[in-house]
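Kindly generate the complete structure, drawing on both the sequences and the hints.
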Amino acid sequence: MIKFANVTKKYKNQEVLHGIDLEIPKGKLISIIGSSGCGKTTMLKMINRLVPITSGTISINGKNILDTPPVELRKQIGYVIQQTGLFPHMTIEENIALPMLLHKWSEKDIATRMKELLNMVSLSHDMLQRFPTELSGGQQQRVGVARAFSTNPDIILMDEPFSALDPITRNNLQEELNDLQKELLKTIVFVTHDMDEAIKISDTICLMRNGSIEQFATPEELLKNPANDFVETFIGKNRIWSSPEFIKAKDIMIENIPTCGPKTSLLSCLEKMRSEVLDYILVRNRLTSEFLGVLTAGMLRDLPNYEGIASDIMGQPVLTLSETDSLVEILQKINEHNRPYLIVLDENKVATGIITRKSLIAILGKQYLSDDSDEGMVI
Amino acid sequence: MSIFTYMFANWSQVFTLLIEHIQLTALAVSIAILVGVPIGILISYKRWLGKPVLSFANLVQAIPSMALLGFAIPFFGIGPVPAVIIVILYSLLPIIKNTYTGITQISPQMIESATGIGMTRWQILRKIQFPLTLPILMAGVRISAVTAVGLMTIAAFIGAGGLGYLVFSGIQTVNNGQIMAGALPACILALVLDWLLSLVEELVTPISLQPEALKNRDTITRKRKKQKATLAVAALVVIGLLFNSLIGQLNKDKNVFRIGSKNFTEQMILGNLIGDLLEAKTDLKVERHLNLGGTNVCFTALDTNEIDMYVEYTGTLYAEVLANPPISDVVKVYDTSKKDIQEKYNIVLLKQMNFNNGYSMAITKSLATKYKISKLSDLTNSGRLLRAGTTLEFLNRADGMASLEHAFDFKFKSAKGLDGASRYIALESGDVDIIDAFTTDGLLKKFDLVVLKDDKNFFPPYFAVPLVRSDVLKKHPEIVKPIEELGALLDDETMKGLNYQVEEKGKSPETVAHEFLVEKGLIEK
Chain A
1 MIKFANVTKK YKNQEVLHGI DLEIPKGKLI SIIGSSGCGK TTMLKMINRL VPITSGTISI
61 NGKNILDTPP VELRKQIGYV IQQTGLFPHM TIEENIALPM LLHKWSEKDI ATRMKELLNM
121 VSLSHDMLQR FPTELSGGQQ QRVGVARAFS TNPDIILMDE PFSALDPITR NNLQEELNDL
181 QKELLKTIVF VTHDMDEAIK ISDTICLMRN GSIEQFATPE ELLKNPANDF VETFIGKNRI
241 WSSPEFIKAK DIMIENIPTC GPKTSLLSCL EKMRSEVLDY ILVRNRLTSE FLGVLTAGML
301 RDLPNYEGIA SDIMGQPVLT LSETDSLVEI LQKINEHNRP YLIVLDENKV ATGIITRKSL
361 IAILGKQYLS DDSDEGMVI
Chain B
1 MSIFTYMFAN WSQVFTLLIE HIQLTALAVS IAILVGVPIG ILISYKRWLG KPVLSFANLV
61 QAIPSMALLG FAIPFFGIGP VPAVIIVILY SLLPIIKNTY TGITQISPQM IESATGIGMT
121 RWQILRKIQF PLTLPILMAG VRISAVTAVG LMTIAAFIGA GGLGYLVFSG IQTVNNGQIM
181 AGALPACILA LVLDWLLSLV EELVTPISLQ PEALKNRDTI TRKRKKQKAT LAVAALVVIG
241 LLFNSLIGQL NKDKNVFRIG SKNFTEQMIL GNLIGDLLEA KTDLKVERHL NLGGTNVCFT
301 ALDTNEIDMY VEYTGTLYAE VLANPPISDV VKVYDTSKKD IQEKYNIVLL KQMNFNNGYS
361 MAITKSLATK YKISKLSDLT NSGRLLRAGT TLEFLNRADG MASLEHAFDF KFKSAKGLDG
421 ASRYIALESG DVDIIDAFTT DGLLKKFDLV VLKDDKNFFP PYFAVPLVRS DVLKKHPEIV
481 KPIEELGALL DDETMKGLNY QVEEKGKSPE TVAHEFLVEK GLIEK
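Going down the list, the sequences are from chains A and B.
So for the first sequence, our numbering puts the first residue at 1; every next one is plus one.
So for the second sequence, our numbering puts the first residue at 1; every next one is plus one.
In case anyone wonders, no lab produced these hints; they're calculated from the structure.
Any given hint could turn out to be false.
Think about it this way: if two alpha-carbon atoms lie no more than 30 Å apart in a straight line, the pair counts; the simulated BS3-like pairs of lysine-lysine are [what the hints assert, rightly or not]:
{"no.": "1", "chain 1": "A", "residue 1": "K224", "chain 2": "A", "residue 2": "K349"}
{"no.": "2", "chain 1": "B", "residue 1": "K46", "chain 2": "A", "residue 2": "K10"}
{"no.": "3", "chain 1": "B", "residue 1": "K416", "chain 2": "B", "residue 2": "K372"}
{"no.": "4", "chain 1": "B", "residue 1": "K127", "chain 2": "A", "residue 2": "K115"}
{"no.": "5", "chain 1": "A", "residue 1": "K349", "chain 2": "A", "residue 2": "K272"}
{"no.": "6", "chain 1": "B", "residue 1": "K453", "chain 2": "B", "residue 2": "K372"}
{"no.": "7", "chain 1": "A", "residue 1": "K115", "chain 2": "B", "residue 2": "K215"}
{"no.": "8", "chain 1": "A", "residue 1": "K108", "chain 2": "B", "residue 2": "K127"}
{"no.": "9", "chain 1": "B", "residue 1": "K446", "chain 2": "B", "residue 2": "K370"}
{"no.": "10", "chain 1": "A", "residue 1": "K12", "chain 2": "B", "residue 2": "K51"}
{"no.": "11", "chain 1": "A", "residue 1": "K224", "chain 2": "A", "residue 2": "K115"}
{"no.": "12", "chain 1": "B", "residue 1": "K446", "chain 2": "B", "residue 2": "K416"}
{"no.": "13", "chain 1": "B", "residue 1": "K474", "chain 2": "B", "residue 2": "K344"}
{"no.": "14", "chain 1": "A", "residue 1": "K104", "chain 2": "B", "residue 2": "K127"}
{"no.": "15", "chain 1": "B", "residue 1": "K281", "chain 2": "B", "residue 2": "K507"}
{"no.": "16", "chain 1": "B", "residue 1": "K365", "chain 2": "B", "residue 2": "K505"}
{"no.": "17", "chain 1": "A", "residue 1": "K75", "chain 2": "B", "residue 2": "K46"}
{"no.": "18", "chain 1": "B", "residue 1": "K46", "chain 2": "A", "residue 2": "K12"}
{"no.": "19", "chain 1": "A", "residue 1": "K108", "chain 2": "B", "residue 2": "K225"}
{"no.": "20", "chain 1": "A", "residue 1": "K75", "chain 2": "B", "residue 2": "K127"}
{"no.": "21", "chain 1": "A", "residue 1": "K75", "chain 2": "A", "residue 2": "K115"}
Pulled from the structure, derived: some chain B residues nowhere near chain A, Cβ distances all over 12 Å [unchecked claim]:
{"no.": "22", "residue": "E112"}
{"no.": "23", "residue": "S328"}
{"no.": "24", "residue": "Y371"}
{"no.": "25", "residue": "S403"}
Chain B is faced by these chain A residues, among others (derived, beta-carbon under 7 Å) [as the list claims (entries may be wrong)]:
{"no.": "26", "residue": "G85"}
{"no.": "27", "residue": "P99"}
{"no.": "28", "residue": "F131"}
What you are looking at is a predicted structure, and each value in this text was computed from that prediction instead of being measured.
Each residue gets a CB set at the ideal place from its N, CA and C atoms; glycine is no exception.
Here is the structure:
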């Protein structure tokens, strides 16, 4: 675990980081994001002491980093930067082997590890004798990643490693990094200015502005509940639509639906629907609130009279949604089973809302129509 | 004499001098690299040092090499040491500058990346900065080395040898073949060195930084092997030469007697005469430091134990070294000089030789007729019409130009300093009208000039007189007799004749000296 405790940084008289407190849990990928000059790279470079701390402490697993000599500290931490990180006069093999040589590994160990690393970052063996300039940007960055992972450090720092790559290559590398991280459970601190990238790969995002942390939260939390206007503007108003997996049933369902008990008379059910201008009503257990069934206007229309109670004729849909189902799953279910609506249940089988085709259209339409409605995460 | 005739006749001398030249240059450039590269690295770390250091190196480069040589003599004496030191000073700038540029042009991100993966400063320097700087550094070394070859010709001026010896001697004696025999090998040496270093430069440039090379890896690998072999051979040769000279230095014989001479024909003949004679008549091993330069250089060399003797002229000692106002009294000049020099410098004047190589003024026959000039006093009337071209020494010394103009109450139309034999050429080509000449100068005969008669006893006596340091004389008293015998044989005419043989007939001073001694029965053939 990397812990920032009231860390500040001053250049001359200008304070560029103001009392940062941050805990980066072990085995997680944390992105530090913000526009240029916000102090994100400074924060990263403080961890391996490339930038000295003005005040406050940074500790790794409880040990102040100042207690380890810089060279030793850096040897224990992988470091990947944008493009220029490879040494042009060394072959790929020499570049990757460098940290292992610094750790005085034997030639045999290096050779064994080299093979693993090549597999890990999907580089072919005949690349080893080439020089960095002979490789594409994506390949170079794979080499950079291989080098950072070579001595198997617990912590890896990455400073905008993918920002100069074309979108397709970047996408591939992001996915591979994600897989690597999940598999090897490294603590990765990843600096980026690309929100899509941060959302895609991070366990937690640390959003910075002018040397302070604006919000430290999971991507989902950040998208749904921006801490303030700045965060919201930074991530972009409709950002969530490019990450539909973060849009959950709970966020878009219609709440406050009319309910009735199983013993409620059909007539009063009809009255309720009319007064609410809805063509359905939920039937639930009065005591436990457990969802029992649905009564729709269609069902009532075919009846000769309205004598009887709700439980006599209510439908019992087998297909329901849970609150955490994402927008993608909802759309799949509605389409596959050709349902006009789906009931959303919480973990206690209590119906908390409903999603209908009509409401879905309204929700999805929002991203294209300027919102003169309410502000915020308004789904 | 054409260069080929000269080279053919003197090939072993040319070769020896070439080897000497290579040794001196290699030594100077090696030391310049050993000094310059660390300085370049240092100022790339301590940027504030960069400006003063580079300014200083620039300044040194701006000082004329001859001037620097002048400064160096009091500190380092004469011979290879000051020559090498001066060439080092000149070679430093490109090496320091290119090292500095090479290191500072490496992107800071790359250095940060190296730091970030846990390399120490030293490791970064050795594995990242130095390899990436090497190509630029080598370009600097190349510039230095080629310049050094040329510059090293000045070494001859202070008796360090090298090809400059031939160039200087050739200029002295108006022997174009000899000048070329020195200049051409120096030229070729510079070109060969440039080529060899270009191979090094190419070799140290990482393949990855040569886009052409990357396309043909196999070809380049083979080519590199060949280049390495060539360089290995060249390196072995140079190391061999350096080693050889080092051994030579260590084996310095205690019984060595070092003769110096100034940088004109007569002096070189005298040096060889005495050298040959002492070799024949004593057990001493003679070392010749001929062609050293002017009075200052030689006298300082003698005083600082760089040489053991050389032949000076009484008038020069009296007026120049002892700074007395010039007089014409032969006896007084000798006696005063002998006494004062002994007291001041602990240097002994042997008996003066039988010839007077004083100053005189010379003019072409046609001008002599045109202006009706035949003696010095004629200058009072016609001097102002003449453009003078004299040695720098004459131009500056108290009993020289100023005194002449004062004594005869005139002023030359113009006066410029020319060195050695170039005065005669300037006179013949009509660039100047009158020159100073030494009375025993063989060139007077060669160019068939009119020597103005010293009708007012204006010029002080300049009898040749061997100077020996007292301690040397005490150790080797046996040298006195042969030298005095020789001195008695050399009168004005004889000396002029010997000079003429070198200057007109194109014989070497060594040959002329040897032949003379044999002819007089002083040594055996």
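A quick look at each hint next to the structure:
{"no.": "1", "hint": "A:K224 with A:K349", "in the structure": "holds (25 Å)"}
{"no.": "2", "hint": "B:K46 with A:K10", "in the structure": "holds (23 Å)"}
{"no.": "3", "hint": "B:K416 with B:K372", "in the structure": "holds (23 Å)"}
{"no.": "4", "hint": "B:K127 with A:K115", "in the structure": "holds (24 Å)"}
{"no.": "5", "hint": "A:K349 with A:K272", "in the structure": "holds (23 Å)"}
{"no.": "6", "hint": "B:K453 with B:K372", "in the structure": "holds (13 Å)"}
{"no.": "7", "hint": "A:K115 with B:K215", "in the structure": "holds (26 Å)"}
{"no.": "8", "hint": "A:K108 with B:K127", "in the structure": "holds (22 Å)"}
{"no.": "9", "hint": "B:K446 with B:K370", "in the structure": "holds (21 Å)"}
{"no.": "10", "hint": "A:K12 with B:K51", "in the structure": "holds (25 Å)"}
{"no.": "11", "hint": "A:K224 with A:K115", "in the structure": "violated (43 Å)"}
{"no.": "12", "hint": "B:K446 with B:K416", "in the structure": "holds (23 Å)"}
{"no.": "13", "hint": "B:K474 with B:K344", "in the structure": "holds (18 Å)"}
{"no.": "14", "hint": "A:K104 with B:K127", "in the structure": "holds (15 Å)"}
{"no.": "15", "hint": "B:K281 with B:K507", "in the structure": "holds (25 Å)"}
{"no.": "16", "hint": "B:K365 with B:K505", "in the structure": "holds (22 Å)"}
{"no.": "17", "hint": "A:K75 with B:K46", "in the structure": "holds (26 Å)"}
{"no.": "18", "hint": "B:K46 with A:K12", "in the structure": "holds (20 Å)"}
{"no.": "19", "hint": "A:K108 with B:K225", "in the structure": "holds (28 Å)"}
{"no.": "20", "hint": "A:K75 with B:K127", "in the structure": "holds (16 Å)"}
{"no.": "21", "hint": "A:K75 with A:K115", "in the structure": "holds (21 Å)"}
{"no.": "22", "hint": "E112", "in the structure": "violated (6 Å)"}
{"no.": "23", "hint": "S328", "in the structure": "holds (75 Å)"}
{"no.": "24", "hint": "Y371", "in the structure": "holds (75 Å)"}
{"no.": "25", "hint": "S403", "in the structure": "holds (68 Å)"}
{"no.": "26", "hint": "G85", "in the structure": "holds (4 Å)"}
{"no.": "27", "hint": "P99", "in the structure": "holds (5 Å)"}
{"no.": "28", "hint": "F131", "in the structure": "holds (3 Å)"}
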